[in-house]
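Whole structure, please, built from the sequences with the hints as guidance.
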Amino acid sequence: MAVTLTVNGRRRTIPAAPETPLLYILRNDLELNAAKFGCGMAQCGACTVLVDGKPVRSCVTPALAVVDTKVTTLEGLGSAGKLHPLQKAFIDEQAAQCGYCIAGMLMSAKALLDETPHPSEAKIRQALAGNLCRCGTHNRIVRAIQRAAKEMSP
Amino acid sequence: MSAGKSQGITRRRFLEQAAALTVGFTLAPLARGFAQAPSPLPGSLQKNRMLDGWLRINTDGTVTAFTGKVEIGQGIVTALAQIVGDELEVDLARIEMVSGDTSRTPDEGVTSGSRSIEESGSALRFACAEARGILLETAAAKLGAQVSSLRVEDGVVLAPGGARATYWELTTEAMLKREATAKTKPKPVSEHRFIGKSVPRRDIPAKVTGGAAYVHDMRLPGMLFGRVVRPPSPRARLVSVDERAAKSMPGVVAIARDGSFLAVAAEREEQAIAAAGALRKSAKWQQVATLPPAGRKLFDHLRRQPAQDSTVSEKNDAAAPAVKTLEATFTRPFQAHAAIGPSCAVAQWQDGKLHVWSHTQGVFPLRGELAKALKMPAADVTVTHREGSGCYGHNGADDVALDAALCARATGSRPVKLQWMRDDEFRWEPYGSAMLINLRAGLDAQGNVVEFRNELWSHTHSTRPGESDGTNLLAAWYLKDAQRPGSARNIPQPAGGGDRNAIPLYVFPRQRVINHLLPEMPVRVSALRTLGAYANVFAIESFMDELAAAAGVDPVEFRLRHLSDPRAKAVIEAVAAKAGWRPRQPGDGRRGRGIAFAKYKNLAAYVAVIAEVEVDRATGAIHVPRAFAAADAGLIINPDGLINQIEGGIIQSTSWTLREAISYDTTRVLTRSWADYPILRMTEVPSVDVSLINRPEERPVGAGESSQGPTVAAIANAVANATGRRLRDLPFTAERVKAAQT
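As they're listed, the protein sequences go chains F and R.
Be aware that the first sequence starts at 1, since it is given in our numbering, and climbs by one per residue.
Be aware that the second sequence starts at 1, since it is given in our numbering, and climbs by one per residue.
For the record, the hints were derived by calculation from the structure and aren't laboratory data.
Everything numeric in this text was worked out from a predicted model, so none of it was measured.
Each residue gets a CB set at the ideal place from its N, CA and C atoms; glycine is no exception.
Hints are supplied without guarantee of correctness; some may be wrong.
What the hints assert, rightly or not - In the DMTMM-like style, the derived pairs of lysine to aspartate or glutamate whose C-alpha atoms are separated by at most 25 Å in a straight line are: (1) F:K54 / R:E573; (2) R:K197 / F:D92; (3) F:K123 / R:E614.
Unchecked claim - These stretches of chain R come out as covered by chain F in the derived footprint (C-beta under 8 Å, 3 or more residues): (4) 205-211; (5) 387-395; (6) 409-422.
The following block contains the structure:
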């Protein structure tokens, strides 16, 4: 059994059952750390990745459902050496405490800014309402997204 | 190991260096037997007295600092690096921080109670100051100069006339192999370069780029994935299970069963989850109804339970007679840590020795507890800290370490990464204890509080590993040869456990505080951020507003009138000024404001909070749009880090206050997912405005738990201000708000 996926621009064939949740393939086969297991029920958003630019919960998305799509994870946005403006803004705003939710937050934010380059604060909050944060870093996350929005399209 | 890549390289580099220098740095608390009691040393130096246990100056131009405290999202490792940088006078980029590893770092117990800055920070501060002194003496001899004439720039010692020597040349293997004296004075505030600055956190870049930041991200060669099959209810016993069917499922390598402990290891994570599901389906359990009554009945029940009573504070100063007496009762339900990521650990057995990677708050206590549970010598167990999700106190981190160890024991020497599922976390983590607090106070004719009594009922707030006569790891209670959890004990005053912040900081001439510790724990409880302080401050600070109203005095004025500590007064005045507090301003039926204050543990940070609320009287929904805080944590090490902790504490406390309670029936915990345990979302959290008061002359204290108590009471007071109705039972659900209106 194998499944072929396009993740962060690379085509990869993975020896997994096609119904395997995308999250485990990303984390364990492709060794991409960003998307996290939080609930396995699409309730918390920690596993958010982009599928053809739209945010999806990879914990409940079977690999089979994304074979002909482009999957983007946080690693696909930028790296420590070459930060995406969103990543840079999260560092500049120190928008993390434990940080476990942050990759999901960043991917939801990416989807939002791709669609709405200058969202209002209310719109940002709405777009991220499905991403839970427990440390109370919400307001910093909003500020980081506002900062990135300015940076990306002044 | 491909995961923990940066960590792996760091470790390897460390080992190479260690080999090259043949430095056997000293982890033993005492290097030799003492004929008499050792002289007192600051912070954790007291128990870890050798300088080279804290610090190594490497020949390659780097410094390695060791701390027994661990990063739990609070930024401690960065703050400690700032201290090291300042005392040694080296740039932060040269400093490698090694934290929480039983094979490498000092034993500093548990990272909890907002004590790390005081304990580890003080130790590193004095150890580094002393090390710098030793380096300067060595340099003076080498350069033929007076120590007092030398200065240091980023590890380069400069003598008048241009002669120079670097730390990296001066360092020797023996140099720091000595006991600390703490006689070298740390730098004055005026010479700090890093302390007091908002230095960016070291851990954040990896967290925003998909680096290997968490134990969840570890990958070891040959690693399997594990899942545990917990019983359906506490104290249930496993009668039978079809292991064979699960064993034949794809990828399954081993089923670990010991008594009522059941786990599975598989090649792939989804295979482990599927096999755990199959085991769960075929398992037959014998359940017992052991849980207490739920809802309001819980509190009548708690009051009737056998208790260990203690008088925590008693004062009988002369005072005018009371002319008016008030009494009120406050309750708090069982509440969860509810980290976003379920607990996880990696365990590997090799030649009878166990290595565990864990997001525990205490690597040494966990090592001891694992050894107890597995009946092996502690010396054969290594525990290495890796970050986890959240923390907020004693959650499933330690328990999952034993789960992983038991699971890995069934696989030979293949390592196992075992993560709990969402419902494992919600149903099995130890909760913050429910509490019942009865307050009574008397006002004299001038409207001053002359007598005050706090009587509280609570389970213990700490059942951590390493603390007790039993084994405080979940799986140990379900083994064939079952071990018992430790017996309940209260953390003694002045910090307190259930009675943390039960003694008001206000000056009340006649005062009595009685703690009824309930030793039977049908619901599993332990430390949730602030322990008893959240509920005690809720009760006392709500009651202060009730007393102020009875005395006809503005709440700010009423508090100031009863305080003698100028730092306490200062935070209250600062937050009132910042928020534009208008004395005795009534709410408008919908909107209101409230203030509350506490000095955490009565010995750490001072925080005052003003909360604004909007109450929808039709639906009963409370929204907290905005909160202000003023905080005094002594000398501030990292202002932005401090603000982050205060902000986070306020938001988390707002969520506890408005939403959170664990639900259960007579047998089972019913809270399984976020649908059963809603927390505040991005659209619902307050904006937070934090003012800091820096006190460079005061000792630095932690603040991670300082804002939660004031926040709940400020919200309660704001609701009372808005609607004229006081809420005394947590959480402030829409139903309760509506009921209070009628």
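Going down the list of hints, with the structure as the test:
1. F:K54 / R:E573: Violated, because 48 Å separates the two Cα atoms, which is more than 25 Å.
2. R:K197 / F:D92: It holds: about 14 Å lies between the C-alpha atoms, which stays within 25 Å.
3. F:K123 / R:E614: The given pair, whose Cα atoms are some 21 Å apart, holds under the 25 Å limit.
4. 205-211: holds (count 7)
5. 387-395: Per the Cβ count (6), the hint holds.
6. 409-422: holds (count 3)
Hint 1 from the list above is the single one not met by this structure.
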